[in-house]
Every structure is written in structure tokens, then in C-alpha cells.
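Peer 1: Chains E and R supply the protein sequences, listed in that same order. Quick note: the first sequence uses our numbering, first residue 1, plus one each step. Quick note: the second sequence uses our numbering, first residue 113, plus one each step.
Hints listed in this document are in silico derivations from the structure and should not be mistaken for laboratory results. Beta carbons: idealized from backbone N, C-alpha and C, even for Gly. One should not assume that every hint holds.
Said to hold, decoys possible - Derived pair list, reagent style PhoX-like, types lysine-lysine, alpha-carbon separation capped at 25 Å:
#1 Lys-208(R) with Lys-52(E)
#2 Lys-214(R) with Lys-41(E)
#3 Lys-22(E) with Lys-208(R)
#4 Lys-164(R) with Lys-41(E)
#5 Lys-9(E) with Lys-44(E)
#6 Lys-115(R) with Lys-164(R)
To be verified - Reference excerpt, derived from the structure (chain E facing chain R, CB under 7 Å, subset only):
#7 Pro-8
#8 Tyr-33
#9 Leu-43
#10 Ile-45
#11 Ser-48
#12 Asp-85
#13 Ser-86
#14 Phe-90
#15 Phe-103
#16 Gln-105
#17 Gly-106
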Amino acid sequence: DTAVSQTPKYLVTQMGNDKSIKCEQNLGHDTMYWYKQDSKKFLKIMFSYNNKELIINETVPNRFSPKSPDKAHLNLHINSLELGDSAVYFCASSQEGNTEAFFGQGTRLTVV
Amino acid sequence: DAKTTQPPSMDCAEGRAANLPCNHSTISGNEYVYWYRQIHSQGPQYIIHGLKNNETNEMASLIITEDRKSSTLILPHATLRDTAVYYCIVRVAWLKPLVFGKGTRLSVIA
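Excised from the complex, chain E in its bound form:
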């Protein structure tokens, strides 16, 4: 079983569309994250949720809205997609007191 799974793996969409990426973890962790990796391969934290509460929002445009329906899920909804949103988005999870974070396989978003 995959520990952190993201869907879809690939997403191609037109500018101006709204899309969602889903993330689920089956590790029982209480903290989940979204990272963005751009074309230059820099991995940047976007959001961090602990027990369904937003604890970090790293100056991400408000077109990006994370939603955590429960501790096992953290979905990312993006409104009015722009060309610059093209990137690979990684979801991750970790547990209080445990220092290892687990990452999903990534979602490659291409905006055309």
C-alpha cells in the first residue's frame, strides 16, 4: 500500500481553469504539507496542516486553497490557473514527535 498517494499523477489544463489535486495518507500522521517544485527543481513549501488546521501558508497566491476534510486527506484546489502554476506538486505527511516525513509521488501540472 502506498503511504502517501496523490491523484492525478499528470494534469494538463488550459489557463483560467480550476483544478484540484487530491492527497491521502494511510500512516495515521497528523501533519500534512504541500510543496511545489518548479522547472528549476527548487522544492518550496506551500502549506502545512496539523490536525486539519492550517499552520503555515508561505505567501502562496489566494488562488490556491488547501482543504483538509480529515487528518488523512489534504487536497489542493487551484482557481484561475496561470502558466506559472506549471510545476510538480508534492504532498507529504509526518507525525508529531517523529522526524521523518513521507512524500507522495508528485502531480505534474501543465498549464497551456
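Could you slot chain R onto chain E? The hints should help.
Peer 2: Just chain R, lined up with the frame of chain E:
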């Protein structure tokens, strides 16, 4: 969190030990040193972490200098599958997210 400095790239012959250095001269007393790697567009993978003492697990060894201003990740017998970008990260607490730098691109050569 303290800043880290790593060489942008390194080569290693297959079967030999790969020694990846990291400088973290501004590290504070309660900050841990973590190592992750990313194999060609996959999600980052945890390798090892430590505070003061040297650490070893099934994947690697972590050597931290006595003053804690630098560390070395050692892959004892590198294989082609160890080709990846290796990230050294300094971090205070579990609640803070991992902050990735540019890392070191390790190429293991047959």
C-alpha cells in the same frame, strides 16, 4: 532554521563510498541535521538525521563534527540506483516543514 551549503554536484564510482559534505556553520543547539534524497522526479525520500552523535542506519551513515558546523553523509557502497539529488536540511522541530536548498546532485558511475 540555519542555512546549509552543499556542493552542486559530485561523482562516485559504483561500489565505492560516496561522501557528501554539508556546511551548517550557523546551526543552533536544538537544530537537527536531516538528509533526504530525490531520485529523478520522485518524491523526496528520508535517509537519516542526527543531533550531535554520529548515526547509522541501513541506508547510510551521518558524521557530524564536534562543533556541529558541518556533517558528512556516507553511502558505504554506492550503486547506480543511488544517483539522485541529496539535500542536507537543518531543522528545529518536527512541526516546522522541511526547507529544501539546492542539494548535491550525486552521479554514480559504472
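Peer 1: Hint compliance check: list the failing hint numbers for this structure, sorted ascending.
Peer 2: Failing hints, ascending: 4, 7, 12, 13.
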